[in-house]
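Protein chains: 2
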Amino acid sequence: MVEMIDGGVTTPQGFKATGVHCGVKYRSLDLGLLRSEVPAAAFCAYTSNKVKAAPVQLMIRDDSPTLSAVVVNSGNANALTGRRGMEDAQSMKDSVAIEFGIDPKEVGVMSTGLIGRFMDMHKIRYGISRAAGELQEGRDADAAFAEAVMTTDTIKKEAAARVRLTDGTLVYIGAISKGSGMIAPNMKVLQGTTLSVITTDAKLSPAFKPTWQGILDDTMNMVSVDGDQSTNDTCILLANGMAAGDYADEDPEFIEALTAIMEKLARTIAIDGEGATKLIQVEVINAATKDDARKVVKEIINSPLIKSAIFGSDPNYGRIMMAVGNSGAEFSLEDVHLTIKGGDMEVPILDSGAPVFQEERSVEVVRMAMDNKEVTIVVDLGVGSESAVGWGCDLTYDYVRINAEYAT
Amino acid sequence: MVEMIDGGVTTPQGFKATGVHCGVKYRSLDLGLLRSEVPAAAFCAYTSNKVKAAPVQLMIRDDSPTLSAVVVNSGNANALTGRRGMEDAQSMKDSVAIEFGIDPKEVGVMSTGLIGRFMDMHKIRYGISRAAGELQEGRDADAAFAEAVMTTDTIKKEAAARVRLTDGTLVYIGAISKGSGMIAPNMKVLQGTTLSVITTDAKLSPAFKPTWQGILDDTMNMVSVDGDQSTNDTCILLANGMAAGDYADEDPEFIEALTAIMEKLARTIAIDGEGATKLIQVEVINAATKDDARKVVKEIINSPLIKSAIFGSDPNYGRIMMAVGNSGAEFSLEDVHLTIKGGDMEVPILDSGAPVFQEERSVEVVRMAMDNKEVTIVVDLGVGSESAVGWGCDLTYDYVRINAEYAT
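Just so you know, the sequences run in chain order A and B.
For the first sequence, the working numbering puts the final residue at 1373, and the numbers step up evenly by one.
For the second sequence, the working numbering puts the final residue at 1373, and the numbers step up evenly by one.
Careful: at least some of the hints might be erroneous.
In this list, chains with the same sequence are indistinguishable; a pair is considered to hold if it fits within one copy or across any two.
As the list claims (entries may be wrong) - Simulated pairs of lysine to aspartate or glutamate, EDC-like, Cα-Cα distance not exceeding 20 Å:
no. : residue 1 : residue 2
1   : Lys-1260  : Asp-1345
2   : Lys-1070  : Asp-1059
3   : Lys-1255  : Glu-1351
4   : Lys-1255  : Glu-968
5   : Lys-1015  : Glu-1299
6   : Lys-1338  : Glu-1370
7   : Lys-1015  : Asp-1300
8   : Lys-1229  : Asp-1182
9   : Lys-1015  : Asp-1345
10  : Lys-1121  : Glu-1351
Hint data in this document are derived by calculation from the structure and do not stem from the laboratory.
Isolated chain A, as found in the complex (with noise of 0.2 Å):
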């Protein structure tokens, strides 16, 4: 039973946060600083990008297990900034460690914005050591750490539970996300630009790792927006345990609550696509493999004539087969079954390979259908039991006016 709360990062016992103006962008918020009150155990998951932005570069090179803050600056990504964007993102680490008094290891770094422009540290050290000044709890704090992590987002993205772990202690968690363009994450653990930060103050240990990933590939990797992957792709998770009791690690509760809380993100990503005007969800069934599952999942999400028709409400199915056509995965077509879900309407459209609708009055049917804020295409492989959900947004007038004048 994961309970959603109104809340965000500092909803857990021991977290503190702000978001400042220090200059980066021309308004608005660009830096947050967020605090734990002790070390937590810190669960990292970075892009696969090949061409990684200097703070994860850093990041990963640390490798700490726990973190004791993080900042984050928008309006510059820090990526393509070699040698020197690897100093200043040193220099955003140790700038927080003599605020805190902290090694600078135990200090969380992340950068989004433009690509291959160097970063201003001036602006960055006094944007830091204001912010080190102005921590607190409570949901102002949240609201403006949330803030200075946006770019293109058009909506602030927070989600907060509360869960009652199998021993009986009460935790909460709470996160933030940004990302709107240049979203097809695939984070790993161990070695996306969405980034996200998740606080909780229940107890993980290093254990948790796989079944993170597990989360991660159920739910942020299973957004995108354009389908291409950031340079700067992060996501921390900061457990500081200052709720006491068990280990979470394999707590049923805490582990729906998560995945609740970090669906509810990716959601919340693919309705603030850049330009979006509907969210896409796509659900595929009874795949022989996960992986088939979510090959088709993300050949339809990606797809810009799939995306285009949603936008128009275009009742062009066909490109739905194409996209599943594409995606390599194992399938007799006539054993297919294609449903398209708006609004109350729920529209078969597949019958033994060929389309139910083919008079211009029923396919008015699908079109109605599609004509909603949220759109679901359901894919029955009819080959196997596996399944994979994933989340995109139409291709809009907006997203190319959007990404024809980003850096100017």
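Since the structure of chain A is already known, use the hints to place chain B on it.
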């Protein structure tokens, strides 16, 4: 020495063609017919999408080594049409066979248009019978055939060449192609919706197949408008041998001419990509493997972020390196050189893993290079000696408009 000439499918000896309007589409020509005086050695390549249109399935099943005629309709793809679709495709072959008194297996069939609607065979049969009586040679016939194949295409895609073979024989090659959206062909000989018909009066043996696959892999299979491979892609090369002379299978002049023809078609498809305002040519050099080089080309030409940036002449070249990093190709960032060319400008972008330009004024140079009808991106991976070239187009408001309204 390839001599490109003004010509089309009836330029080589022994080919006649026409295009008629039979009513599948509201106006414009929608049925094309091509006839070879003698059976022509046929080299066919088809989409590798697992969901194959009925005519593609039929052609693969018959796998006829020679063809005497090719019938093509536009407006309806006869894809996702189940058993009835197969019957309709066979009926197209049969109708042509009856007109010419030949075996239905000797008739090539191709369809392009909307997916998931049954064909109106009354219209198609009327069209075939009319076209059979109107076959001609010459530029008007070429043009009618080329137009009958078009869907969202805005320009006719024709090419022709005259080649003096090593043995002195003078042969001709003529070609047409169509394709504007759902373009990311990966056509395989022996087993793309771009449809192409290439005619030649040269003599070719079955041993020419691997050479043909190689030419397709370097030309048509390196075009991408939207990364979505069609259910209908088909490419038919007909060699009727009427110029006499030796087999041209290994004739370097012939191979060079055919490659030039196919490259011209490929570039024209990219230029005429749905909504496109610019051609993007991507050259990857010094890759470890040919496969690496092709992967980098495709990752770049399929990135909606890069395509949108080029539409807006937005110098956001960080996105190019984002794509290189996602390609899976082997490289060290420090060794990579990136150059953007447009008009007379050739602008180096990366030096030792960091951008050359940092100031707004100098970045303006990149914008100027990008502000051309043809933009070339050169990625030197600095790790090997393999290379690849590919073609795509920008992502524009019109692409979204066209594809949000296609079925209607």
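These are the hints, each one checked on the structure:
1. Lys-1260 to Asp-1345: Within. Shortest intra-copy distance 14 Å satisfies the 20 Å Cα cut-off; inter-copy 31 Å does not.
2. Lys-1070 to Asp-1059: Answer is within; shortest intra-copy Cα gap is 9 Å, inter-copy 75 Å.
3. Lys-1255 to Glu-1351: Answer is within; shortest intra-copy Cα gap is 5 Å, inter-copy 35 Å.
4. Lys-1255 to Glu-968: neither (29 Å within a copy, 53 Å between copies)
5. Lys-1015 to Glu-1299: Classified as between: cross-chain Cα gap 12 Å, same-chain 40 Å, threshold 20 Å.
6. Lys-1338 to Glu-1370: between (26 Å within a copy, 18 Å between copies)
7. Lys-1015 to Asp-1300: between (39 Å within a copy, 14 Å between copies)
8. Lys-1229 to Asp-1182: Classified as within; 14 Å inside a copy, 43 Å across copies.
9. Lys-1015 to Asp-1345: between (34 Å within a copy, 16 Å between copies)
10. Lys-1121 to Glu-1351: neither (33 Å within a copy, 46 Å between copies)
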